[in-house]
Amino acid sequence: MHDWVLSLAIFTPLIGVVIIMLTPKENETLVKSIALLTTLVTAGFGGYILKNFDYDRTKTLQFGVNKQWIEIIGSRYHVGIDGLSLPLLILSMFICILCVIYSWDHFPEPHNPKAFLALILILETGMNGTFIAEDLILFFVFFELVLLPMYFMIGVWGGANRQYASIKFFLFTLFGSALMILGFLALYFRAGHTFDIPTLVQNASTMLPHNSQLWIFGALFMGFAIKVPMFPFHTWLPDAHTEAPTVGSVILAAILLKLGTYGFVRIALPVLPDAAHSFAWFIGLLAVIGIIYGALGCLAQKDLKRLIAFSSVAHMGFVMLGIATLTSFGINAAMFGMVAHGLITGMLFFVAGSIGERYGTREMSRLGGLLVQAPKLGWILGFCAMASLGLPGLAGFWGEFPAILSAFNPAAGLSVVLFRWYMVIASIGTVFAAGYLLWMFQRVAFGEPRDEFAHAHIHDLHTPEWIAWTPMLLGIVALGVFPALMFKLTDGAVQQIGHSLAMVAR
Amino acid sequence: MLSLLAAASSSASSFKAPILDYHAFAPEIVLTGVIVLVLLADLLVPEDRKVLVTNLAGLGVLASLIPIITLAIDGHDRTMFGGAYVVDHFALVMKGLFIATGYVVLLMSTNYVADGDYYEGEFSFLLLSSILGMTVMASARDLITIFVALEMLSLPAYMLAGWRKRDPKSNEAALKYYLLGVLSSAVMLYGMSLVYGVAGTTVLADIGSFFTQFDSQPGIITVALLMIVIGFAFKVSAVPFHFWAPDTYEGAPTPVTAFLSVASKTAGFVALMEILYVGFLSNNNVWGPLCWVLAAITMTVGNLIALRQTNIVRMLAYSSIAQAGYILVPFAVAGENAHALITAQKASVVYLLIYTAMNLGAFGVVIAVARKTRSGEIKSFGGLFTYAPGLTLLMTAFMFSLAGIPPLGGWFAKLFMFSAALDAGTAPAIVLAVIAGVNSVIALFYYASVAREMWMSPVPDGDVTPIRVPPALATALAITVIVTVAVGVYPPLLAKLGDVATLTRAF
Amino acid sequence: MLLNQFLFLAAVLFCTGIYGVLARKNGVLVLMSVELILNAVNLNLVAFGAFNQSVAGQVFALFVIAIAAAEVGVGLAIVLLIYRNRKSVDLTGIDALKG
Amino acid sequence: MLDHAYLIPLTPVVSFVLILFFGKRFPSKGSFIGVLALVACFVMSLVLAGQWISRDKTIETLHHATPAQLRAVEKTGHEPASNDAGGEEREYKRAPVVHETTWFENGPLKIKAGTLVDGLSVALLVVVSTISLLVHIFSTEYMRDDRRKTHYFAALSLFTSGMFILVTSSNTLQMIFGWEMMGLCSFMLIGHWWESQDNSNAALKAFFTTRTGDIGLLVGISMLFWLAGNTFDIGRINSMALSGRIDQGLLTAAACALLVAVIGKSAQFPLHTWLPDAMAGPTPVSALIHAATMVVAGVFLIARLYGVFWQGFHIGAGDGYTPVAMVGGVTVLIAAALAFVQTDIKKVLAYSTVSQLGYMVMALGVGAWTAAIFHLFTHAFFKACLFLGAGSVSHSGSHHSFDMKKDMGGLKKYMPVTFWTFTIASAALAGLPPFAGFFSKDEILVGASENGYKLFLYVGLIGAGMTAAYMTRCIYLTFFGEPRGAAAHHHPHESPIAITGPLVFLAILSVVAGFAQAPIFGIEAFSDIVEPAYVTNVVSHHGFFGILAGLGILAAVIGGVSAYTVYFLNRGPRGLLDRNRAAHAGYAFLANKYYLDDLYTDGVVGSIKGPIARAAYWFNQNILDGIVNGAAAIALATGRFSYNVIDQKIVDGAVNGLGISAEAGGGALRTVQTGKVQQYAAILFGALVIFAVALWRLT
Amino acid sequence: MVAVATAQNVAFWAIAVVMIGAAFNVVTSTNVVRAALSLVVVLAGVAAQYILLAAEFTAVVQVLVYIGAVVVLFLFGIMLTRARIGHESDLDNSNRIPAFVVSFAVFVLLVALLRDAFGHAHINVSAPSTTEQVGDAIFSTYLVPFEVASVLLLAALVGAIVLARRD
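Line by line, the protein sequences are chains C, X, F, U and G. Using this note's numbering, you'd call the opening residue of the first sequence number 9 and step up by one each time. Using this note's numbering, you'd call the opening residue of the second sequence number -9 and step up by one each time. Using this note's numbering, you'd call the opening residue of the third sequence number 12 and step up by one each time. Using this note's numbering, you'd call the opening residue of the fourth sequence number 9 and step up by one each time. Using this note's numbering, you'd call the opening residue of the fifth sequence number 79 and step up by one each time.
Okay, chain C solo, but in the shape it has when bound (with noise of 0.2 Å):
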C-alpha cells in the first residue's frame, strides 16, 4: 500500500473514466454514483496518505517510487510526495469530489452526465499527476494531460463564446508547455541527463554556467507563467472562466492556475536558483503589475464571472510575489496562496454559477437584492468575497500578508528599494481588492431585485450546493485561524528550497 498508494491516487480517476464508458448513456444515476464513489476513493487514498504522512518531516519525499518508464530518454516514473505537494494534493481531491457533487442535478448543456463526470475524472488524474510527479516528463505529461479535458469542459459545456475562450485557453498554455518541455531537456542535456527533479535540484545549480541558467529559466518561466497565469499572459484567463460552465471555472481556478504556480516552486526556483535570483526583480514586477492590473480589470466588469476572473488575476499576483522574493517566507506565503485561492475563488465561481443559474444572467447591472430572495446564497457570496479580499481571520489574508510582508525584506541579492516598492503596491492592490469585490457585492447582493426579477422565484441553495460548499466554507475559516494547518505543511520543504536559495545568494 504505502508504495502503491501514490499511483492509486493518480490513476484511480482514470478507472472511474473507464467504468464510466462502459456504462450506458441512459443510466444517469449509475454513472453520477460511479463517479461520485471514484473521487471518494481516490480521497480515500487521499486519507490515507494524510494519515501515514511523517509529518516531521514535510522535506523529505514520502511514498516515493522510482520505477522505470521511458529508458531511452531517460525518464523514470517517479512520484512521491512532500509538504509542497500534499496540501495541493489533498485540494485537489477536495474539489473534485466537491465538483461531482454541485453537478449532481447541475449539469449544463448540453448536459450528458456521462461525458462531463469522465472529463472530470480524467482532469483530476491530470492535476494529481502533476502536484505529485518528480521527474520532469512526468510532470509535463500529467501537466499537459489537463488541457484536453478541459478543452472541452469549456468548449462543449460553455457559453455563448465559448468556441474562441476553449481554444485561447488551449493555445496560450500550450504556448507555455512547448517552451517549458524545450526547458526542460535543456535542463536534462546540459544538467547530467537526468528528469528527476530531487537530482537536478541536487545538481544543476552546479552543473550550469550562469548564462544557460537564465535561457532555461525563461523557457521554464514562460511555461509556468502563462498556467499562472501573470499579467501580460493572462488574457485567456477572463475568457475562460466567463465561458467555462461552473464546474469547469472551479477546477480551473482551484486547482489549474495552481500548477503554474506550483510548477515554479517545485521546479524553476530549487533547480535554477542562480537563474531565479535573476530573474526575482521581473517576476516581482509582472506580479505587482498584475495585482494592480487585475483589480483595474475588475472594475470594468459587467459579468460577475468575468470579475471573478481577472480577481483571479490579482490574487496570483500576490502568489506570485511571494514567490519572487525567494524568502522562505514568501513561498510559503504562495503556498498558501495557492490553497487558500483555491478555496475562496473556488467558492465564488460555485456561487457565481449558482447565481447565473437561478437568474439566466451574470450580468451584474441586472442583478441586485441576491440577499431578500436568496439570503443564504447572498451571504456565502459576501463571505466569500470577505475571503478573497483578504480578510484576516480568512484564508484568503495568509496569502496576502506574508507576501508582502517578505517583499520588504527580499532575499540577499535582490534591489530592497525595488521589493519594498513592490511592497506598497501589492498594498494598494488590497485597497482595490476590497473595492471591486465590496462593490460587486453592492450590486449583486443588496438593494431590491430589478423589475425583471422581482417575482421570480429564486431557490436558496440547493442540498447538492449545501453539501459541496460546507466544506469549502469550514476550510476558509479553519485556514484563516490557524494557518499552522498550511505552514506546517509546506515549512519544512519550503526551508530546503529557501536554503538552496540563499546558498547562491551573491
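Since the hints were derived computationally from the structure, they do not count as laboratory data. Remember, it's a predicted structure, so these values are computed and weren't measured experimentally. We put the beta carbon where it would ideally sit given N, CA and C, even for glycine. Every clue listed holds true.
Here are the simulated distance ranges between beta carbons: (1) V22(U) x P383(C): 17 to 27 Å; (2) H218(C) x V186(G): 48 to 58 Å; (3) D453(X) x F102(G): 54 to 64 Å; (4) D38(X) x L30(C): 36 to 46 Å; (5) H198(G) x L52(X): 51 to 61 Å; (6) E460(C) x D153(U): 28 to 38 Å; (7) L52(X) x V186(G): 51 to 61 Å; (8) I129(G) x Q203(X): 30 to 40 Å.
Got chain C sorted already, so can you dock chains X, F, U and G onto it with the hints?
Same frame as chain C, now just chains X, F, U and G:
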C-alpha cells in the same frame, strides 16, 4: 581518387554467382509471391467476389511479417553485395512499419474501393508493389538500389493516385504527382550521377569512407548532395518541394492519400537517413544547414497554410507537410556530434512510427465519416459527437495526438524530436527547436478546429443517422488508435523499436 | 576526350528538358522533355563510368533506361486518362486543385 | 482572569456563532445570547481590571522596586537577561501579562498568538464591554422588530470581539485581525438596511476608506516586523523602537505608514468623510462605533505602539509640531466646524466624534499619552450616551427621523430622561466641570502646553469652544422650541426602560468617570493603572494647571453662551419662520430647501462661524468627499480604460493579432499554391538554383 | 593515338551539335510530330555518344528501348490524344520567359560547377568495360535492383493498362 577504384574495376571475367542469404530476403520474396498470387487471383476470381483478392492481399502482407520477426529474433546484421544491401535492426523496423502500414491501408481501402467499383485486384496489386519497393528501400545502401526502390514505390503510387479514373480531380492528382515526381527523381538522378562521378562508387558505405578523406569538398558535391536531398524532399513533401502534396492528397482516393502521407513519406525519410547518415556523414556542413532551412520553412509554411483550409483532407495534407518539418528537425542537428547523431536517428524513427499510426487513423476516420456525409469539408464533421461518439473520440485522439498533446502518442514523438535538437545543443539547434515549439502551438489551432466542429457545432444538415463502420475499416481504426494511445501512455512500447543506432553502427 | 565535353552536353540536354517541361503546354510534349532530362542523366552516368573505369555507370544507366520506359508508359496512361475526361491534354487548364 | 484573558474575546465569538446558526430559532431572535455574552464579558473585564489593579499593588510590594529603578532598567534599552534566556516574564509593575502560543512557524521563526494584558488593554476592555453591553441592551428594544435582528446581533457580537481581540493582542499580526474584523462588522452593520442604495454606499465607503488606511497598517506592520528583528511582538517592537537600534528613517517611515492607518480608521482628516456617512447604520451601532470600538482602534494603535511613534516622530523633543499632532489638530477644528452645519442630529454627533478623536490623536502627538487614553475613556461614555440619546429621540420622539430641523424640537417635555441624560453628556462633551470631559480635555490641554506644543493648546481651546457651541445648537434644535414635523404629529413619548436605562447609566458614568484622573484632587489613579512601562518611562507627567483649566472652561462657556444667544434668543425660530413662509411662497420643494438652507446658514450660523464653517463644509463635501468619491470614480474609469483599451485592445489585441496575422500569412502563402503543375515545377528548379548558390557559398 | 583522339573529338562535336539542335527543336517545335522525330534524333545521338564512350551495350539498349519503344509510345500518345499532325500554334504556355530564366540559371549553375570540378579531366577509353562485365555486375552486385525492376515493369504494365483502358 582513381587509385581507390582499381580493385573494383580490374577483376574477373569469370562470373561468380553470388551466394544469397534467402532468410534475409524472405520478406521481399514472400511479398513478391503475394504480388504474383494477387495478380493471378484477380484473373480467376469473379467480379462480385473481388473482396477475396483484397483479403488475400491482406493475409499475404501479414505473412511477410513473419520472416521479419524471425530475422529480428535472429538478431544479427546481414550485409550483402558489398554493402549494397543490408538487413539490420533499422531495416527490419522500417520494413515492419511499411508492411504494417500496407496492411492497415488495405483494410481501409477494402470497402472504399469495392464501393467505388474500382479495380480492386489491381489496386491491391499496385499497393503491394509499392510496399515491396519500400521494403527494399529499407535495406538499400547503394545509390542504384535506392533509385530503383524509389521508382518501385513511386510508380504504383502515381497510378493509384489516379485510380478514380472518372474523377477529373483524381486525374489531376495523378498527373501532378507523376510529373513532379519524375522531375524530382530526375534531379536526384543527376545528383547521383555527379556523386558517382566524383566518388566512383554507388555503394553508400564506400561513398562515406571516400568523403571522410577530405576536409572540404568541391562545390559539385554540395550541389549533388542538394539534388539528391531534393529528390527525397519531394517525397517527404518538404517545402518548397511540397506543391504536389495538397493537390494530390485532395484528389487521390482517400486510402491512397493515407498511404502517400504515411508510407511514401516514411520511405523518403528512410532513404534520406541512409544517404545522409551512411553516405554523406562527413558532409554534414552541407546537409545540416539545408535540413535546418527545410525543416523550419516546412513546418511553418505547412502550419500556416493549414490554418486556412476548409477541406479536411487538404488540411491533413498541410498537416502532414508540417509534420514532415518536425521530422526533419533531427536531420538538421544530426551532424553536430556522434551522440546527437544517434539521438537523431532514434528520434526520426520514433516519430515516423507514431506519426504513421496517428495519421493513418485520422484518414481512417475521414473515410468512415465520408461514407455518410459524402463530403470532405471540415464543416461536414459538425456535431459528429451527437451521432457518432465513437468516431468522434477516435478523431479527437488522432487530432490531438498529431498536435502533440499528452497522453496521446504524438507528444512522445515531439518530445523525442525536441530532445534530439537539444542534445545537439548548438544555438541553431535550439532556435530550430523553438521554431518547432511555436509551430506546434499554431498547429493546435487547426487540429482543435476539427475537434471543435465535432464536439461543439451543430450537425450541418441535421441528419443524425449513425455511421456504419465496416469491419475492415473498424479494424484499421482499432489498430491505429490502440497504437496511438498505448504509445502515448507507455512510450517504452515503441521506444525499443526506435533504438536503431545500427544504421550508423559502422562509424 | 575531356570529361566535360560530355557533361556539358548532358547539361545542355538537361536544361533544354527543363525548359520544355516548364514551357510546353501539351502533355505529351512535356513527357518528351522529361525524356531529354533523363537522357542527360544517362549521358552523365555513362561518361562518368568511362571516366571512373567502372561498370556501375553503365549499369545505372541501364536501370534508368528501363525504368524511364516504364515511366513513359505510366505517364502516357495518365495523359490519356486526362484526355479522356477533359478532351484536352493542355496542362495549363488543369488547376481544379489549388490553395 | 489575568491568565485567561482570551476568554473575553472568545465569548462574543462563540455568541456570534451561536446567534448566526441558532439565533433564528429563539423568540428573541438570538438577542439574549448576545446580551448574555456581553454580560459575561463585562463581568470578566471588571474582574480582570480588579486583578490587574491588585496585581500591580502586590508586585510593587513584593519587589520593593520604585518606578524610577524600573525606569532605569527600561531606559538602557536592554531587556533583563532572564528574558533573553526565555525564562520568566518580567514581573514588575506595569509589565504586561502575556500568554502566547505558537500560531505557526516559518523555519526557526515562531509566530505567536496570545493575549497581552496591561493597563491599556484593561482600560479598553472595561470601556468596550460596558458600552457594548449597554448597546446590546439598548438594541433589544431599538431593533425589536427588525427583520434581520439575528444578523444584527450576530454582527454586534463579532464587532465587539474584534475590538477585544485588538486590545488584547500580544502582537501586531493579531491586531490586524481585530482591526479588520471590526472593518467587516462595521460594513455589515452600517449597511444593515442594505435595501437602500444610500446605506450600502455608506457601508462600502466606510469599509473602503478604512481599507485605504489599511495600506498603511499592512506596510507599517510589515516594516516593524523586520525592523524589530523578525517579530510581531508588541513589547519587543516598542522596546526596540525606544532603544534607538532601528534605523531612524525607516522607523519614521513605519510610523508614517501606521499613521495612515490611524487616519483611515479613526476618521482623521482627510479620510474622515466615511464616518458621517456611516450614520446610515442603526443608531446603537453608531454609538458602538463612535464610542468604544472601530474609530478608537486607531487611537489605540498609536497608544499601543507608542514607542514607534514616540521615536519615529520625536514626540519627546517638544519642538512644537509633530505629524500626529497636526493630523489631530486639523481634525479637531475642521470637524467641529462641520458639526455646525448639520441638520441630522447623528451627523452632528458624528462630526463631534471626529473632532474628539482629533483631540485624542493630537494628545498622543504631543506626548500626552495618558490624557489621550483618558479622553478615550471618558468620551466613550458620554458619546455613547449622546448617540443612544439620539436613538431614543428618533425611536420615540421623531418617528425614526434624525432631522433636527424638520422632525424635532420641543421634545424636552415629552422625553425628560432622554433630555437630561443628553444634556449631561453634552456638558461632558463640552468640557464643563465637573463632567468627565472636563478632566480629560484638561489633561490634553496641559499636555500640549507643557510638552512644548503650545500651538495645539490653542487648537484645543478653540475646539472646546466650538464643541460647546454646536452642542448647544443641537440641544436647542432637538429639545426646545416648537415641535416640528414628526415630533409634532407622531405623539412623542419617553422611551422604555431598555433604552432609558442605559442612558441613565451612561449619564452617571459621564459624570463620575472623570474622577478617575483628577489631578486637581490629587487623583492619578488612571495613569497609575493604565500606563504601560514603555509609556511611563518616556512621557512626562504634569500636575494640575489652574489657568489652563480655567481657559478651557472659559472657551466652553463662550461657545455655549454665544450659541445660546443665537438659538434661544429668537434668532433661530425666526429663521424657521422664514423657512415656512418661503415654503408657502410656492418654490419647488427641493430648490426651496436648499435656498433657505443657505439663508438659514448665512443668517444663523454665519453670525458665529458661518463663513468658516461653510467654507469648511463646502471643502468637505466637494473637495474631500469629492476626492474620496472621485477616487472611486477614477479607479473605475482607470479600470475601464485599462480593461477596454489596454487589456482588450492592446494585450489581448496583440494575442489575437498574432492569430490573425498567422491566418493572413497562411492565406498569403496559399496563393502560391496555384494549382498549375508547371509553376510547381518551376519553383522546384528555382529552389534548386537558390539553394545551390546559397549552399555553395556557405561551404 | 592522337589521331584517334582527334577523330573522337570531331565525332563528338558533330553529334553534339546535331543533338543540341534537335533538342531545341523538341522543346520549341510547333509541330508535335516533328518534335517527336527530333527527339528520335537526340536519342540516337545519345546512343552515338555512348559508343564514343565505349559503352556499346548501353548504346544498343538505348536504341532498342528508346527509339524502338519509347518513341513509338509517344507517337501512339500523340495519335490517341488526337493532336494535329501539322502546325499547331499554342503548344507553349505563357511561361516561356520564366521557363527560360529558370532553365538557363540551372545551366549556368551546372556549367560553373562542372568546370570547377572536372576542369581538365580526361576520359580514357582504352580499357573499356565489356558487356560481360556489365552483365556480371547486374547479376551479382545489382541483383536486387534487377529483380525489383522486373516487378516494377510488371506493375507499370498492369497499372498503365488499367488506367488507359476504356471502361
